[in-house]
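If you read the sequences in order, they're chains A and B. Following our numbering, the numbering of the first sequence begins with 1 at its first residue and continues without gaps. Following our numbering, the numbering of the second sequence begins with 295 at its first residue and continues without gaps.
Bear in mind the hints are in silico, worked out from the structure with no lab data behind them. Certain hints may be false.
With a straight-line cut-off of 16 Å between C-alpha atoms, the simulated EDC-like cross-links for lysine to aspartate or glutamate are [to be verified]: (1) B:K476 <-> A:E278; (2) B:K476 <-> A:D106; (3) A:K140 <-> A:E123; (4) A:K249 <-> A:E290; (5) A:K214 <-> A:E148; (6) A:K127 <-> A:E148; (7) B:K563 <-> A:E165; (8) A:K102 <-> B:D473; (9) B:K476 <-> A:D54; (10) A:K249 <-> A:D54; (11) A:K217 <-> A:D106; (12) A:K161 <-> A:D124; (13) A:K249 <-> A:E278; (14) A:K160 <-> A:E123; (15) A:K274 <-> A:D227.
Please read all numbers here as calculations on a predicted model, not as lab measurements.
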Amino acid sequence: MNTSFTSNSPSVNPNGSASVQISLSHVSKVFWGKNGWLNKITRQTTPNFIAIEDINLDIQHNTFVSIIGPSGCGKSTLLNIIAGLSSATSGTVSINGQIVDKPGPDRGMVFQNYALMPWMTVEDNIKFAVETVYPKMPRKQQKRIIQEKIQLVGLQGAEKKHPHELSGGMRQRVGIARALAINPQILLMDEPFGALDALTRGFLQEEIERIWEKQRKTAIMITHSIDEALLLSDRIVMMTKGPAARIDKVLKVPFSRPRNRTVVENHPAYLQLKQDMENHLYRETRAVEEARIK
Amino acid sequence: MAAVKPKIINQKSAHRLISNENLQALLLFLLSLGLFLLFWEMGARLKLFAKGMPTASLTITELWYWITHPFYNNGPNDLGIGWNLLISLRRVAIGYTLASIIAVPLGVLVGISKIAFKAFNPYFQLLKPVSPLAWLPLGLYLFRNSELTGIFIITIASIWPTLTNTAFGVANVNPDYLDVSKTLGASRWRTIFKVIIPAALPNIISGLRISMGISWLVIVAAEMLLGTGLGYFIWNEWNNLYIPNILVAIFIIGIVGIILDQIFAYLEKLVSFGRQSS
Ligand SMILES: Nc1ncnc2c1ncn2[C@@H]1O[C@H](COP(=O)(O)OP(=O)(O)OP(=O)(O)O)[C@@H](O)[C@H]1O
Ligand SMILES: [Mg+2]
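Between the sequences and the hints, there should be enough to build the whole structure, so can you do that?
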């Protein structure tokens, strides 16, 4: 199955060129079970687990893509493969035509649990990223980048604070600033707002929308929220349930940018898209539950 | 106004309760101490305990004498308690520092590398439960010098807690931190020094704290057999059959132990950054 943007939709690239930036081809991931001879003797074998199977996806430059699917279907697995944190069992991921198999600073990652270093201040967390990626950059320039990103995410005044002194929303702002500070081509986010309360979540979604309008990077975001996906994305990738999860279909989100929640929600296509996604998620989640009962 | 009032009252009564608690604890402590001293004093005067058991008042007078005259020197068998304390502390400082210099890097290595862990773990497991004093004859034989033997024993005694805690901390660094490091493409060394070691620092410090406690336990025992130091002071007073000074030494050893431990408790707090420490 080939779910390619180029096949069913025109480009959303402002330049009008339909250039593919990220290309997944036949990507599968198997988590190998324990079935060596030692496990067989002790009768503690576990079977192999096919998490995702034959994923094909092309993502064009400067597109915001959301991945949505039932819990445990393999979204994180897929994102980690794109990030290079884990490797595909078969198939390839290529970025700008180059096959990638390890992490690199062309991809910035935002983690669900923020993953800030607790012993570093807000500033130092961002500095760690900048120094790691640009060790030869003059100090002054590094400082300027750090300041710039702190302002971009609205953290002025908290530079010298440690993560444990910040609220969840503030921490994720640091996470976003850190990811952007290395100026990646691609932004990867695994449920970036999953651990936040509804109100903070709403604020940060709008913040992401604002930031993304400023510097349109290619972004891939995993989410469980239909509204979040519809507010932020150009494309929504809907995955089936696991094991052997596939891409069911890719929705094109037609709302114009810059977006704002009220305008999006009053768009004539909004309800239909939302309905489609709800139906899909409901169907897949019910299948998961039924499989569990058997 | 009416809505604010109960809050203030609540806060006040909560505040009073806390200070009450501390006050009550202090009173109870003083009461028990008074009773204990009274019991001791009466028991000793009525000769209820062993023969020659000193009274509380005599012991406190001795304590006062030793505290006000810590530094005098009439030869090794009549040395002010301050000198003996400094001698013990110096041995602990040298032995403990040596142990830490060995244990922290080794712990990091063993924590990072599963192979190193598997290869070296048998040594640790075998040597950890051995009482440090078992090494005393070997130390005397190897060094033929009581000073070096004391340091040797402290080193051996204080290696294990630091080593095992460091290895545990390093092996259990939050994988998210390592993922951050990987996605940034940080080098191995940078990851070790900027991420793994700082992340494991709370564990390293608690290992160092336990090691310090053990050193302080062991030095007193070791010095009984070595000459000079607080341990020897106790042994010497035992030979003189002068019990009050033994009690004085026990008290001073306890106080110094508390101070050493509190230094590390403070360090632990300093590096925790909101993470709960053990
Ligand atoms: N290291 C692993 N070993 C074995 N199985 C794994 C491993 N990691 C993930 N899995 C399994 O692979 C499947 C997909 O996991 P993954 O974390 O990618 O799901 P997800 O879609 O991100 O779920 P969620 O919505 O809960 O975040 C799950 O069934 C999980 O149990
Ligand atoms: Mg996940």
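Structure-based check of each hint:
1. B:K476 <-> A:E278: Status violated; Cα separation ~36 Å.
2. B:K476 <-> A:D106: Holds, at about 12 Å.
3. A:K140 <-> A:E123: The given pair, whose Cα atoms are some 14 Å apart, holds under the 16 Å limit.
4. A:K249 <-> A:E290: violated (22 Å)
5. A:K214 <-> A:E148: holds (13 Å)
6. A:K127 <-> A:E148: holds (12 Å)
7. B:K563 <-> A:E165: Distance ~15 Å between K563 (chain B) and E165 (chain A) Cα, so the pair holds.
8. A:K102 <-> B:D473: Distance ~12 Å between K102 (chain A) and D473 (chain B) Cα, so the pair holds.
9. B:K476 <-> A:D54: violated (26 Å)
10. A:K249 <-> A:D54: Roughly 14 Å between the alpha carbons, so the hint for K249 (chain A) and D54 (chain A) holds.
11. A:K217 <-> A:D106: Roughly 11 Å between the alpha carbons, so the hint for K217 (chain A) and D106 (chain A) holds.
12. A:K161 <-> A:D124: holds (10 Å)
13. A:K249 <-> A:E278: It holds: about 13 Å lies between the C-alpha atoms, which stays within 16 Å.
14. A:K160 <-> A:E123: holds (6 Å)
15. A:K274 <-> A:D227: Holds. K274 (chain A) to D227 (chain A) sits at ~8 Å (cutoff 16 Å).
Consistency note: the structure conflicts with the earlier hints numbered 1, 4, 9.
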